[in-house]
Amino acid sequence: MVNVRHQLVPTCIVLGLTTLLMILNTSCFGDEPEGCEADIETVTLHVAHPEDYFFQMTDSMQTIYSTDSIITIAVRGNADVSALAPVFTLSPGASVTPASGSTQDFSQGPVVYSVTSQDGKWHRRYRVSIVPTVITVTDTLRFDFEQYELEPVGQRFYMWPMLLDNGSTIKYWATANDGFRISMGSAKAMDYPTTPLDKAYDGAGVCLTTRSTGPFGAMANKRLAAGNMYLGTFDIKIAMSDHLHATRFGIPFADRPNTFKGYYTYQPGPTVQDFYGNPIAGRTDSADVYAVFYRNHDAQGNEVCLYGDDVLSSPYIVAVADIGYVKPTAEWTPWEVKFEYRADVDEEQLANWGYSLTIVFSSSAGGGDFIGAIGSRLCVDKVSLICTHDD
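Quick note, the sequence shown lines up with residues 107 to 497 if you use my numbering.
Please note: incorrect hints may appear among the correct ones.
Using C-beta positions, here's what the derived DEER-type ranges look like [stated by the list, open to error]:
1. Ala295 <-> Gly226: 27 to 33 Å
2. Lys343 <-> Tyr254: 23 to 29 Å
3. Glu147 <-> Gly183: 25 to 31 Å
4. Met167 <-> His229: 20 to 26 Å
5. Glu147 <-> Pro238: 24 to 30 Å
6. Val153 <-> Arg389: 34 to 40 Å
7. Arg389 <-> Pro358: 34 to 40 Å
8. Tyr447 <-> Ala191: 40 to 46 Å
9. Asp475 <-> Glu147: 28 to 34 Å
10. Pro156 <-> Asp404: 16 to 22 Å
11. Ser188 <-> Ser419: 41 to 47 Å
12. Asp450 <-> Pro321: 47 to 53 Å
Source of the hints: derived by calculation from the structure; they are not laboratory data.
It should be emphasised that the depicted structure is a prediction, and the values quoted were computed from it without experimental measurement.
Positions of the beta carbon are idealized from the N, C-alpha and C atoms, including for glycine.
Could you put together the complete structure from these sequences and hints?
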């Protein structure tokens, strides 16, 4: 039997065929859907000696999800990024400035690209960074959640980009917020499932709240949206047809994690409800807090990603740190848990970013099945990973 925690997804993603068709088939919110998309769909970087640039050959091409306006390509630390020409796949009929395949200097920070739809009425801006990455031997990786901003396309909800040393930003954290927009488009930014918390344990933190999805959610028997936050990406375009695989867990990681720690508060909502919205007598809602370290390529060199159906069960998982039962508390409470290793780490693959890491938070552990308590509230702050290194 598969535990429902293995099926954790941003729970507000699939809100019924009617609602999704209204949004996805009119993605630019105009009267005429044909020719109105202004998206970068993929970016490919062609270089003469790819082994000097990429840790893995699959890194030369990147899929861009419709929710992303920040594109970051990590290359080897000694790579020259002063004259590179990324090639874009665009929405049908769209155009981009600067032109696809034109040479740009990425050594001074991000280059801004503007995409115009086929009908000329819609525009979208992307910040593209190509960042030389040096694998540093550091014992602790910290996530303090002090850096957050409204998403740049519609200013509807918050996101948590990380600021890099060269002024570029990278989007490591994904949330359920963009899915919630489908059902509750009139909601204010602070009424979304995942929001900033100005006064947390020390400075700002993150608040994850299980929300009602309103009348649209009730129509589709998807009545609640757990607050979610995880290292990875979310592809809303395939959420209707394959919602479990719309959630992609993990970012490349070049250290061996040893300890997962941080601070939390948790207050379950008053009434746990089932898929149909019926109260479940005697049941108290529970949260999820865990981290997973896994191989991101198979033996043939094909890319591997964890999804909503295998994030805790994939055979490519190397180690898991799960705090287990999240005890309800109104006081900031520390957690600290060791990673339990299931397989050895290949040092050569580790040095070439052959492993990925995800950290997952959810205000309702059963949210992937739309089970939980509206009002459940998980807050987190000062999350850190302590890593180990060979001498």
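Going down the list of hints, with the structure as the test:
For Ala295 paired with Gly226, a C-beta distance near 30 Å keeps the hint of 27 to 33 Å intact. Judged by the Cβ atoms, the range 23 to 29 Å given for Lys343 and Tyr254 holds: they are separated by roughly 25 Å. At about 29 Å, the beta-carbon gap between Glu147 and Gly183 stays in the expected band of 25 to 31 Å. Checked against the hint of 20 to 26 Å, the C-beta distance between Met167 and His229 comes to roughly 25 Å, which is consistent with it.
Separated by about 25 Å at the C-beta atoms, Glu147 and Pro238 satisfy the suggested range of 24 to 30 Å. Remark: the range hint 34 to 40 Å for Val153 to Arg389 is contradicted by a beta-carbon distance near 55 Å. Taking 34 to 40 Å as the suggested C-beta distance range, the pair Arg389 and Pro358 conforms, at roughly 39 Å. A C-beta distance of roughly 42 Å is found between Tyr447 and Ala191, which places it inside the suggested range of 40 to 46 Å.
Separation of Asp475 from Glu147 is about 31 Å and conforms to the stated range, judged on CB atoms against 28 to 34 Å. Between Pro156 and Asp404 the beta carbons are some 20 Å apart, a value that agrees with the proposed interval 16 to 22 Å. Separated by about 44 Å at the C-beta atoms, Ser188 and Ser419 satisfy the suggested range of 41 to 47 Å. Restraint check, Asp450 to Pro321: a C-beta distance of roughly 52 Å satisfies the suggested window 47 to 53 Å.
Checked against the numbered hints above, the structure breaks only hint 6 and satisfies the rest.
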